[in-house]
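Participant: Here the structure of chain A is known, so what remains is to put chain B in place on it, guided by the hints.
For the record, the sequence lines run as chains A and B.
According to UniProt numbering, the stretch in the first sequence is residues 1 to 384, in order.
According to UniProt numbering, the stretch in the second sequence is residues 1 to 468, in order.
Simulated from the structure, these hints should not be mistaken for laboratory data.
Since this is a predicted model, take the numbers as computed values, not measurements.
Don't take every hint at face value.
What the hints assert, rightly or not - Within a straight-line C-alpha distance of at most 25 Å, the following computed SDA-like cross-link-like pairs (lysine to any residue) qualify:
no., chain 1, residue 1, chain 2, residue 2
1, B, K102, B, G439
2, A, K215, B, T65
3, A, K297, A, S308
4, B, K88, B, T242
5, A, K230, B, F45
6, A, K379, A, R236
7, A, K215, B, E110
8, A, K230, B, R31
9, B, K317, A, D232
10, A, K379, B, K317
11, B, K317, B, D265
12, A, K379, B, T65
13, B, K338, B, C277
14, A, K215, A, H364
15, A, K297, A, V276
16, B, K233, B, M320
17, B, K255, B, M320
18, A, K215, A, R381
19, B, K102, B, T65
20, B, K338, A, L383
21, A, K230, A, D301
22, B, K233, B, G439
23, A, K230, B, T109
24, A, K230, B, R44
25, A, K379, B, L125
26, B, K338, A, R29
27, B, K255, A, H364
28, B, K317, A, H382
29, A, K230, B, Y156
30, A, K230, B, D157
31, B, K317, A, R53
32, B, K317, A, P48
33, B, K317, A, D233
34, B, K317, A, D301
35, A, K379, A, I185
To be verified - Computed list of chain A residues with no C-beta within reach of chain B, every gap over 12 Å:
no., residue
36, H116
37, V130
38, L178
39, H209
40, L248
C-beta atoms are modelled at their ideal positions from N, C-alpha and C, and glycine is treated no differently.
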Amino acid sequence: MQAAEFVMPGQRADAADAAHQSHLDEAERLMTVCNSCRYCEGLCAVFPAMEMRRAFTAGDLTYLANLCHNCGACNSDCQFAPPHEFDVNVPKVLAEVRNDSYARYVWPGFLAPMFHRNGLMVTLVAALSVAAFVIGFAAWHDPAVMFGTHTGPGAFYRIMPHNTMVAIFGAAFLWSILAIVMSCIRFWRDIGEPAATLRDPEALAGGAHDAATLKYLDGGGVGCMNDSDKPDDNRRLFHHLTFYGFMLCFAATSVGTLWHYLLGRDAPYPWWDLPVVLGTLGGIGITVGPLGLLTAKFRRDRQLMDESRMGMDVAFIVMLLLTGVTGLALLFLRATPLMGTMLALHLGFVFGFFVTMPYGKFMHGIFRGLALVRYAAEKRRHLG
Amino acid sequence: MERPVDFTQSYDVVIAGGGNAALCAAIAARRGGASVAVVEKAPRFYRGGNTRHTRNMRCAHDSATETLSGPYTEDEFFDDLLRVTQGKTNPDLARMMIRRSKDMLTWITEQGVRFQPSLGGTLSLGRTNSFFLGGGRAMLNALYRTAESLGVHVVYDAEITDLELDGTRFVAAEVTTPQGKRRLPGHALVAASGGFEANIDWLKEGWGEIAENFLIRGTPYNRGSLLRTLIGKGMQQIGDPTQCHAVAIDARAPKYDGGIITRLDCVVFGIVVNRDCQRFYDEGEDIWPKRYAIWGRLVAAQPGQIAYIIFDARSLKLFMPSLFPPVTGASIEALAGKLDLDPAALRATVDRFNAAVQPGQFDDTILDGCHTEGLTPAKTNWARRIEEGPFYAYPVRPGITFTYLGVAVDDEARVQLAGGGRAENIWAAGEIMAGNVLGQGYAAGIGMTIGSVFGRLAGEGASSHASR
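Isolated chain A, as found in the complex (with noise of 0.2 Å):
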């Protein structure tokens, strides 16, 4: 393991293309094991879209990966699981592919890097971020504006203007967005689906819906997998608080830019206004979810798991906690002389979490957005 931290970036990244293609040739032996067997047709959409198909291309791997919400049923339900001979390890190694799969077409593809110790690699992001708001912070203002009492409408402005704030965000989240498109026209066009299934409404719709409800991760029907083979919801609980909690979030940010320019109302607003009520409730969901979702990895078997990128899983997970908790703390102290540090720490942690999207597991929810999708359009084609 040591020697691995010494090697040049070029050795690098042909040791990760070797992996990812023994992944490859793994998932491919075991997708032809369980189209032979085709008992687990009912827990998910993995082994159905499996049935559609003889042979796999790499494409075809990649898709099936990101179908896989790694609910674990298969895992308990297989009677070729592991200690089995056979060894068909269906939550593993779809874990692993998929995994690969957010390297493997992120944009610009020089970043491929970024993947290779996500965890380190986001941390160092987002400890660089947030250094850079504070020492930013500490070196524009005299200590008594960085740490006086502000109150009233356009009290964070006054540590930071908003044109300023502005600039910053809305540059790095449109670069963000722009990685993440690219990320996504190089995972369609691999997967081998037509453009035109992007214009369908009804896939659209019917892969938003099993998104949204996370229809698979229900071990097909009773929950998910976890320590042991009793399954229990808890995840796709915690699941559903972290990401509406974003989208609240998401939802509180526009409404106040909608208040800012519309209204030409400033920040902060009362406890009260739309803005902080959604705020307030995905930070909640934002900090209750990914605790949640914490404890169940480490709590979770890791035969179901790619444990060499837990440092990405945890490496998200925790950026969203501490966004939500930085953001909480800013509510609970904003009228103190702690507003223009924690200021600084939660803008620094969402700088962070901006920039590192496309760059981490946050491409999970995209690229798994994209196979459902698919799914929904394919099953349609299917069924005639």
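Facilitator: Just chain B now, kept in the frame of chain A:
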């Protein structure tokens, strides 16, 4: 909460085995108020014997349900059973089992087992058979969860190796565990520990040395030691050691536990030759679901207990894929070379077959009547020239699914004595007594019906006996 069996106490009901029949018995007995110990020979992962490899059960029902496409009456079920066993069944037991199977769908669902509609890859059983969501291991896991939540105690890696009887009354079991032999006393015994198909020596008693070449499709733990003990202690045997469910499976499969994915559904699309490159049976006699279960015996009768299914490129995608890819050759001779067969002999057999094929409209979805003329044995359906390369082959061997030799039971699942009458407190369920209902032959899902119905009966009977 998983609770291990406590060897310092006596249980109302001791259950040998850990599959469908054993768990149905354990749950029924526990629900009847009995303390229950399940003694499973396999380690936890391999628990459940052949139930792990099952997929569905056949129950009578009067109307379509969410997961069954139409009614399947008791009479139709009984007719099917008579047909597949050619009348070799105990009609009263069979009737009773079929009647009770109707209630089983509800009962087993109440024990946490979930069903799904029959989708792809099955043998057109959507009306008659209920498919477990996630397959047999999912079903087992549900039964274990229910049993454990009810307070059933389970010990793994533990085998009942002897019985302590007082006359014909069960007193205690000798349980062999990794820690040594333990004595487990009980008021009633349910023998639900499966057949003996994984005991090659026992198979040889019926089949001779050729049993060495058989593959065992399911659990390696069904060695029949309790069955042998019961028969040795005066219980009535039923069936003979050659009776078993055997199909032709991929010869490259492991000796044990290859399961469903080593089966091959392509016999009807080509020819099957033995190691002398000679055909030996009509490959197109009937639709595959009605014929697959005779091919194990057919291959067992060939020299070396091996045969080869030979077909060409046109048939490659007409059947379900399986674990191992077919052996491929650009020519028949090249294929023969890879199979260690005599190329000239295989060529001659294929040429003779091709010359005998009569013109016709090939249709794999019906009995298409495409046949050979002047060939022995004839191929009476789906006979199509083997001429378009590349050519493919699967080597096959007999794969034993389960055995029928067992102990005789009555309609309460009570074990019968060889000298007449019945054992006072010994019940049997599942494969260990399947021969009472299945004298020969098989229809998909009946093994699970036998296990569930007789398991539940045995559990109820044993618990009410123990509470007396």
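Participant: Give a verdict on every hint.
Facilitator: Taking the hints in turn, this is what the structure says about them:
With a C-alpha separation of about 22 Å, the suggested pairing of K102(B) with G439(B) holds against the 25 Å cut-off. Between K215(A) and T65(B) the CA atoms are separated by roughly 23 Å; this keeps the pair inside 25 Å, and the hint holds. A distance of roughly 13 Å separates the Cα atoms of K297(A) and S308(A); the hinted pair therefore holds under the 25 Å criterion. This hinted pair checks out: K88(B) and T242(B) have alpha carbons roughly 15 Å apart, not beyond 25 Å.
A distance of roughly 14 Å separates the Cα atoms of K230(A) and F45(B); the hinted pair therefore holds under the 25 Å criterion. The hinted pair formed by K379(A) and R236(A) meets the criterion: a straight-line CA distance of about 24 Å does not exceed 25 Å. Distance hint between K215(A) and E110(B) is fulfilled; the C-alpha atoms sit about 24 Å from each other, no more than 25 Å. For the given pair, K230(A) sits about 21 Å from R31(B) by alpha-carbon distance, which is consistent with the 25 Å threshold.
Between K317(B) and D232(A) the alpha-carbon distance is near 40 Å, which puts this suggested pair outside the 25 Å criterion. Under the criterion of a C-alpha separation no larger than 25 Å, the hint pairing K379(A) with K317(B) is consistent with the structure, at around 21 Å. Of the supplied pair hints, the one linking K317(B) and D265(B) holds, its CA atoms being roughly 11 Å apart against a limit of 25 Å. A threshold of 25 Å between alpha carbons decides the hint, and for K379(A) with T65(B) the separation of about 24 Å falls inside it, so the pair holds.
With a C-alpha separation of about 13 Å, the suggested pairing of K338(B) with C277(B) holds against the 25 Å cut-off. Among the hinted pairs, K215(A) with H364(A) is consistent with the structure: their alpha-carbon atoms are about 16 Å apart, no more than 25 Å. Of the supplied pair hints, the one linking K297(A) and V276(A) is violated, its CA atoms being roughly 31 Å apart against a limit of 25 Å. The hinted pair formed by K233(B) and M320(B) fails the criterion: a straight-line CA distance of about 46 Å is larger than 25 Å.
The hinted pair formed by K255(B) and M320(B) meets the criterion: a straight-line CA distance of about 22 Å does not exceed 25 Å. Restraint check for K215(A) and R381(A): satisfied, since their Cα atoms lie roughly 20 Å apart, inside the 25 Å limit. For a cut-off of 25 Å, the pair hint linking K102(B) to T65(B) stands: about 12 Å separates their Cα positions. Simply put, K338(B) and L383(A) have alpha-carbon atoms about 40 Å apart, too far for the 25 Å limit, and the pair is violated.
This hinted pair checks out: K230(A) and D301(A) have alpha carbons roughly 11 Å apart, not beyond 25 Å. With a C-alpha separation of about 23 Å, the suggested pairing of K233(B) with G439(B) holds against the 25 Å cut-off. Simply put, K230(A) and T109(B) have alpha-carbon atoms about 17 Å apart, close enough for the 25 Å limit, and the pair holds. In summary, the hint linking K230(A) to R44(B) is supported, as the alpha carbons are separated by about 14 Å, within the 25 Å threshold.
Taking the CA atoms of K379(A) and L125(B), the gap is near 22 Å; set against the 25 Å cutoff, the hint holds. About 23 Å separates the Cα atoms of K338(B) and R29(A), which keeps this hinted pair within 25 Å; it holds. Proposed proximity of K255(B) and H364(A) is contradicted: the alpha carbons are some 41 Å apart, above 25 Å. Restraint check: the Cα-Cα separation between K317(B) and H382(A) comes to about 17 Å, which is no more than 25 Å; the hinted pair holds.
With a CA separation close to 18 Å, the supplied pair K230(A) and Y156(B) stays within the 25 Å bound. With a CA separation close to 21 Å, the supplied pair K230(A) and D157(B) stays within the 25 Å bound. Under the criterion of a C-alpha separation no larger than 25 Å, the hint pairing K317(B) with R53(A) is consistent with the structure, at around 11 Å. For the given pair, K317(B) sits about 18 Å from P48(A) by alpha-carbon distance, which is consistent with the 25 Å threshold.
Proposed proximity of K317(B) and D233(A) is contradicted: the alpha carbons are some 40 Å apart, above 25 Å. Taking the CA atoms of K317(B) and D301(A), the gap is near 38 Å; set against the 25 Å cutoff, the hint is violated. For the hint pairing K379(A) with I185(A), the CA-to-CA distance comes to about 22 Å; that is within 25 Å, so the pair holds. Distance check on H116(A): its Cβ is at least 35 Å (rounded) from any Cβ of chain B, clearing the 12 Å threshold; non-interface status holds.
Separation of V130(A) from chain B is adequate, the least Cβ-Cβ distance of about 45 Å exceeding the 12 Å criterion. With 12 Å as the threshold on Cβ separation, the claim that L178(A) sits away from chain B holds: the shortest Cβ distance comes to roughly 41 Å. With a least CB separation of 21 Å from chain B, H209(A) remains clear of the 12 Å interface cut-off, as annotated. No beta-carbon of chain B is positioned within 12 Å of the beta-carbon of L248(A); the least distance is around 34 Å.
Of the numbered hints listed earlier, those contradicted by the structure are 9, 15, 16, 20, 27, 33 and 34.
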